[in-house]
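From first to last, the protein sequence lines stand for chains A and B. Take the first sequence: its letter number 134 is residue 114 in this note's numbering, and every next letter is one higher. Take the second sequence: its letter number 39 is residue 19 in this note's numbering, and every next letter is one higher.
None of these hints come from the bench; they were simulated from the model. Every residue gets a Cβ at the ideal spot worked out from N, C-alpha and C, and that includes glycine. Be aware that a few hints might be false.
[As the list claims (entries may be wrong)] Pulled a few chain A residues facing chain B out of the computed Cβ check, cut under 7 Å: (1) D(-6); (2) L158; (3) D170; (4) A173; (5) G175.
[To be verified] Residues from chain B that face chain A, not an exhaustive set, calculated with beta carbons under 10 Å: (6) Y(-4); (7) V152; (8) A155; (9) P156; (10) I157; (11) G168; (12) V171; (13) A173; (14) L174; (15) Y181; (16) S183; (17) L186; (18) L192.
Protein chains: 2
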Amino acid sequence: MSKVRAHAFTVSLDGYGAGPNQSVSDPLGVGGQQLHAWAVKTRTFQRVLFNSDSGETGVDDDFTARSFENIGAYILGRNMFGPIRGPWPDDTWKGWWGDDPPYHCDVFVLTHHARNSVTMAGGTTFHFVTDGIESALERAKVAANERDVRIGGGVATIRDYLKARLIDEMHVAVAPILLGSGENLWAGLDVDALGYACTHYTSTPLAAHYILTRS
Amino acid sequence: MSKVRAHAFTVSLDGYGAGPNQSVSDPLGVGGQQLHAWAVKTRTFQRVLFNSDSGETGVDDDFTARSFENIGAYILGRNMFGPIRGPWPDDTWKGWWGDDPPYHCDVFVLTHHARNSVTMAGGTTFHFVTDGIESALERAKVAANERDVRIGGGVATIRDYLKARLIDEMHVAVAPILLGSGENLWAGLDVDALGYACTHYTSTPLAAHYILTRS
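Given the sequences, and given the hints that come with them, work out the whole structure.
Okay, here's the thing in structure tokens:
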């Protein structure tokens, strides 16, 4: 059966999935880019994001590769799609990822402001969903055509889907840094009461990796 | 120079250092005892807490051993000393640890309610400090006589000393469990702004270990 998954969702030791003050130059907020050191150096990340043959294999790479396997559609929060807030001024902004984004399938962007779908190179189409997370998930499941739906983030979007118990499985990576402020994954979220347990743990020199599974 | 240290302070993946509803049967709150699986199985813990020769060596044991090295005095929050709240009904409660507690030096217990010091077997004396964390630290430093002062916990006490930037070095262990509620170490605490950074990270199959150092 099609699953709803979150992967490679990285937080600091103190739980922040993004630093404060997101901008075009700081897509993950101030300090946020340090979070992903474990993923950036992997072979999979280098291949998918930069079309490069460099990068390392091993546990970090295994988790990165798994994050792309059998995914038929993505859901992103609007802040993960871009730094623009409020109504779309025009159709210029098409994501952080250039002309050929690393999704290669339908991507549903949660927003309060309607916008026409945007078809990119490489099979990625961005759709803008204004009627909530359940609607986005229904559309994503249809688009995924039996494959899984990945909730890509950011923090607020992951939290909304966890609160609704709509995520089946989630891979959380903890980077050995402190951010101190920004967007916290755990704050006020009783993941235990929501039925989530940590069912797997392993670690590498750059991150501790956890799998959360919903009962 | 004498340092102020915190050690083997264990939180769940979601940041809780104790579960909810502390009681005589649940000194660490409901679910809290799972936090310390990594420490309980170490040779040092078995020797210090149970006077037993069993237990394992390795990285977890090294961290446990370090937590007792060169400590001349302890500071504990009242909830770590016992489950009683409000005024002391009498002098019956003398901690969770039996007649010979594992401290073997002066232990300063933060409380709003005065009480006479209690001398235990093995060199431990519990003193009750009613005039705040700075006063407790001054007294502990004198008692430690050039050795270090360890802030033993619990969560609220660690947070108070972090907020006051009075902890020089802190070892945080993360257990691969979710508690969902209870006492959160990180909530609303901007450790980055307070000058703390994560300066060391290593991990074992039972815990991820981090050292925080104040700049």
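Taking the closest Cβ pair, is B:A155 under 10 Å from chain A? holds (9 Å)
Close enough to count: is the Cβ of B:P156 nearer than 10 Å to one in chain A? holds (3 Å)
Chain A contact restraint on B:S183 - CB to CB distance below 10 Å: holds (4 Å)
Would the hint on B:I157 stand, with a C-beta cut-off of 10 Å toward chain A? Since chain A brings a Cβ to about 6 Å from B:I157, closer than 10 Å, the hint holds.
Hint B:V152 vs chain A: min CB-CB distance below 10 Å? Since the shortest Cβ distance to chain A is 7 Å, the answer is holds.
Taking 7 Å as the limit, does the beta-carbon of A:L158 come near enough to a beta-carbon in chain B? Cβ of A:L158 sits 5 Å from chain B, so the hint holds.
Would you settle whether the hint for B:A173 is holds or violated, based on the nearest Cβ-Cβ distance to chain A being less than 10 Å? With a minimum Cβ separation of about 5 Å from chain A (threshold 10 Å), the hint on B:A173 holds.
Go through the hint on B:V171 and say holds or violated, using the shortest Cβ distance to chain A against 10 Å. Since the shortest Cβ distance to chain A is 5 Å, the answer is holds.
Using Cβ atoms only, decide whether B:L174 comes closer than 10 Å to chain A, and label the hint accordingly. Interface hint status for B:L174: holds (8 Å vs cutoff 10 Å).
Hinted contact A:A173 with chain B - closest CB pair below 7 Å: A:A173 check passes; min Cβ-Cβ to chain B is 5 Å, inside 7 Å.
Interface hint status, B:Y(-4) versus chain A (Cβ within 10 Å): holds (9 Å)
For the hint on A:G175, does the least C-beta distance to chain B fall short of 7 Å? violated (10 Å)
Hint check: a violation occurs at hint 5 only; the rest are consistent with the structure.
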